[in-house]
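Novice: Single-letter residue listing:
2 protein chains.
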Amino acid sequence: MSSPWTQARRAARMNPSIIREILKVTEKPGVLSMAGGLPSADTFPVEALKAACDKVLSQNAKEALQYAASEGFAPLRQWVAERVKALGLNVSPDQVLITTGSQQGLDLVGKVLCDAGAPVAVETPTYLGALQAFTPYEPIFTSLASDDQGPLPEAIGKLPHDAPGTRFMYLLPNYQNPTGRVMSLERRQAVMAAARAAGVPIVEDNPYGDLWFDEAPPQALSSLWPEGSIYLGSFSKVLTPGFRLGYIIAPTELYPKLLQAKQAADLHTPGFNQRVVHEVVKSGFLDQHVPKISALYKANRDAMAEALRQHLPEGCEWQSPRGGMFFWIRLPEGFDAMALLPKAVDAGIAFVPGAAFYAQQPDLRTMRLSFVTLTPELIRDGVAILGRVLREALNAPQEPTP
Amino acid sequence: MSSPWTQARRAARMNPSIIREILKVTEKPGVLSMAGGLPSADTFPVEALKAACDKVLSQNAKEALQYAASEGFAPLRQWVAERVKALGLNVSPDQVLITTGSQQGLDLVGKVLCDAGAPVAVETPTYLGALQAFTPYEPIFTSLASDDQGPLPEAIGKLPHDAPGTRFMYLLPNYQNPTGRVMSLERRQAVMAAARAAGVPIVEDNPYGDLWFDEAPPQALSSLWPEGSIYLGSFSKVLTPGFRLGYIIAPTELYPKLLQAKQAADLHTPGFNQRVVHEVVKSGFLDQHVPKISALYKANRDAMAEALRQHLPEGCEWQSPRGGMFFWIRLPEGFDAMALLPKAVDAGIAFVPGAAFYAQQPDLRTMRLSFVTLTPELIRDGVAILGRVLREALNAPQEPTP
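For the protein sequence lines, the chains are A and B, in the order given. Number 671 marks the last residue of the first sequence (my numbering); no jumps. Number 671 marks the last residue of the second sequence (my numbering); no jumps.
It is worth saying that the hints were derived from the structure and are not from the lab. Treat the hints with care, as some may be off.
Where chains are identical, the list cannot tell them apart; a pair therefore holds if satisfied intra-copy or between any two copies.
[Stated by the list, open to error] Heads up, simulated DMTMM-like pairs for lysine to aspartate or glutamate below, C-alpha to C-alpha not over 20 Å straight-line: (1) Lys-319 x Glu-332; (2) Lys-324 x Glu-583; (3) Lys-561 x Asp-311; (4) Lys-551 x Glu-522; (5) Lys-354 x Asp-556; (6) Lys-293 x Asp-363; (7) Lys-612 x Glu-290; (8) Lys-561 x Asp-571; (9) Lys-567 x Asp-311; (10) Lys-331 x Asp-311; (11) Lys-297 x Asp-650; (12) Lys-331 x Glu-316; (13) Lys-293 x Glu-340; (14) Lys-319 x Asp-363.
Use the sequences and the hints to build the structure in full.
Specialist: So this is what it looks like as structure tokens:
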């Protein structure tokens with residue numbers, strides 16, 4: 270008998286997650302993995318969270334354990350509105366919607382703004398999870414020509430002609446996943462002027478902005494065109510991803526639709542988690558805690574930068590990231606990072622091939638290396654192995670392309 | 270300047286949540302509310318959760334606070350597979366997907382199975398939150414003719430003719446929200462035989478099944494046609510809704526698509542919450558705890574049943590529910606529960622008009638009363654007020670319909 274299930278045409282087109290397949294390849298005992306996108310577990314404030322769990326369950330158990338408002342816990346929404354002032358955002362708590370991680374923010378944005386066949390513009394390359402979140406709503410992706418600061422304003426200017434009806438641009442201005450790049454103030458201004466002129470609003474995703482090493486990144490893109498911007502924030506990189514807490518800041522016009530989509534998606538984000546995190550952050554905890562994370566990551570960045578200079582063969586290109594979690598390497602001509610991965614894993618080192626992060630034509634020569642889950646010593650060991658693998662590949666007789 | 274935001278056609282058609290508007294009307298100080306769908310906060314096992322939070326953060330903090338598998342925490346998936354054996358379900362832990370409340374299960378089902386314009390069949394009436402979850406995926410709802418046990422097998426038999434291509438039927442066999450009704454074993458068998466014959470698979474939602482008063486409900490619908498069934502379970506009514514924990518049990522064929530949709534929606538359900546709940550339930554806690562909830566709710570049910578007999582005017586129809594949280598009342602001819610609500614609230618009693626729960630033609634004479642958030646004494650007071658409001662309306666001169 271044939272299957273009784275008729276999957277939606279949409280679902281039938283959803284391809285299995287490449288990254289899951291890739292990470293499976295890298296999961297081998299003894300392999301030094303720079304493939305993950307995880308923050309360092311050493312940075313999780315266990316004692317503060319433990320005390321907060323105890324306090325919430327001692328003082329407000331019934332409220333914390335009951336169903337709660339879809340908008341989120343009011344004091345946390347207030348805290349967020351206050352916190353983002355430092356980014357140049359002047360918003361009311363009524364514009365803040367607490368989400369189950371900022372990944373859910375992407376899903377809700379897709380649900381409210383995407384139509385099958387309508388364009389959505391993304392950076393080249395872009396965060397894979399955003400492509401996965403939008404894909405079920407069947408947009409057509411436009412990959413904006415980009416350089417080491419992000420999308421080119423000229424490319425944005427062409428959107429009304431090249432991709433009329435573009436619903437929004439998805440932008441990651443700070444220490445982007447996967448490239449680690451950051452937009453200068455000048456680029457931000459040019460990008461937002463072009464967006465406004467083209468009438469294409471933006472969705473700004475900022476999970477890494479707090480993790481800067483020498484100087485804070487410029488003001489948020491959203492501050493340059495508030496009524497044309499949705500801003501997504503997250504507690505995953507500065508506190509813990511295991512609580513799944515993020516937030517959307519939306520123009521008043523869009524908020525009710527995002528709220529409806531949120532209610533339909535999971536009623537509300539766990540109220541207990543919201544109260545515990547609010548308990549931890551409400552009195553300035555992050556001002557002490559985040560600099561510690563940044564200092565740790567900076568030392569790792571330095572170790573990786575030095576090791577790359579020492580071990581990578583000529584012809585490899587990269588920039589030292591000024592924050593965040595990732596190096597982005599471009600290999601010499603002829604290399605295919607995906608084809609190289611099994612050899613690298615056999616040699617004891619894992620990375621993510623960059624091809625996974627492109628909405629359109631992938632650059633097969635790219636790879637992403639995380640510098641935050643290994644110690645400086647293991648980073649040096651790992652990069653030395655990677656260097657050997659690359660040199661061997663360079664010296665090997667050219668394999669015929671199948 | 271006009272708005273830069275073009276909402277999706279889909280989103281533009283999403284109507285503001287009726288229930289939110291209704292609940293706003295009912296939120297007045299001093300009003301006895303039977304409108305909510307909340308479990309009693311007195312049933313939340315605060316001490317057990319507190320001890321479990323402490324244990325998880327003392328013994329497995331780094332794992333609990335880190336990103337985790339989209340499938341869910343393996344021991345919890347195992348526990349679920351074991352637990353549902355009592356319902357006649359023989360499944361592997363690999364078929365269990367942990368969700369952020371069972372509301373998310375509905376969203377993922379919609380994402381994977383609904384196509385714009387394709388039919389989805391629901392009971393008459395049905396759970397409003399399911400309609401809200403499926404609506405963004407733009408199905409056409411078919412409202413199955415139903416009686417006091419749920420949908421009529423004949424109505425299911427007609428689906429291939431009346432609604433060809435029906436993606437699935439959404440069914441709530443145990444103490445349904447809103448009607449409180451339960452399907453007999455005979456009805457279950459007839460429904461599933463009709464479903465199989467029609468080639469229409471089912472999505473079975475079972476948040477209330479554990480809350481039975483005198484005898485456990487018959488075996489799960491899914492046990493009668495496992496390969497044609499998705500089963501949704503929840504911890505919200507037996508432990509706490511504030512942790513947002515539910516699960517999907519899916520045929521092996523569908524699991525990978527639901528998993529992809531899950532990953533796109535929020536990466537994974539909070540790992541911390543999963544570990545804490547597993548810590549609480551792993552050694553039989555629910556076997557002691559759930560009977561206490563049921564006993565509490567049964568006493569309330571008895572109080573409401575008696576009060577309704579005493580105070581409601583002739584011509585009102587209802588059945589005493591054998592589990593769950595709700596009475597469903599049908600008022601005499603000519604009544605409109607929605608029109609009555611403001612008067613009832615002014616008099617000090619709130620309910621939910623039943624019209625909100627219909628996918629197609631609403632029955633305006635219906636209302637839902639929760640019996641689990643007030644004490645027996647307040648239930649008696651509230652129903653007495655409701656009786657007075659109804660008698661006054663019966664005796665009032667007929668208002669002309671506008």
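Novice: Each hint should be assessed against the structure and marked as holding or not.
Specialist: Structure-based check of each hint:
1. Lys-319 x Glu-332: both (19 Å within a copy, 14 Å between copies)
2. Lys-324 x Glu-583: neither (56 Å within a copy, 51 Å between copies)
3. Lys-561 x Asp-311: within (11 Å within a copy, 41 Å between copies)
4. Lys-551 x Glu-522: Intra 29 Å, inter 46 Å, cutoff 20 Å: neither.
5. Lys-354 x Asp-556: This pair counts as within: shortest intra-copy Cα distance 14 Å, inter-copy 50 Å.
6. Lys-293 x Asp-363: The answer is between: 17 Å across copies meets 20 Å, while 42 Å in one copy does not.
7. Lys-612 x Glu-290: Answer is within: at 16 Å inside a copy they meet the 20 Å cutoff, but 60 Å across does not.
8. Lys-561 x Asp-571: within (16 Å within a copy, 59 Å between copies)
9. Lys-567 x Asp-311: within (14 Å within a copy, 49 Å between copies)
10. Lys-331 x Asp-311: between (32 Å within a copy, 8 Å between copies)
11. Lys-297 x Asp-650: within (17 Å within a copy, 66 Å between copies)
12. Lys-331 x Glu-316: between (23 Å within a copy, 12 Å between copies)
13. Lys-293 x Glu-340: between (37 Å within a copy, 15 Å between copies)
14. Lys-319 x Asp-363: Neither. Shortest intra-copy (30 Å) and inter-copy (32 Å) distances fail the 20 Å Cα cut-off.
Of the hints listed earlier, those the structure fails to meet are numbers 2, 4, 14, in rising order.
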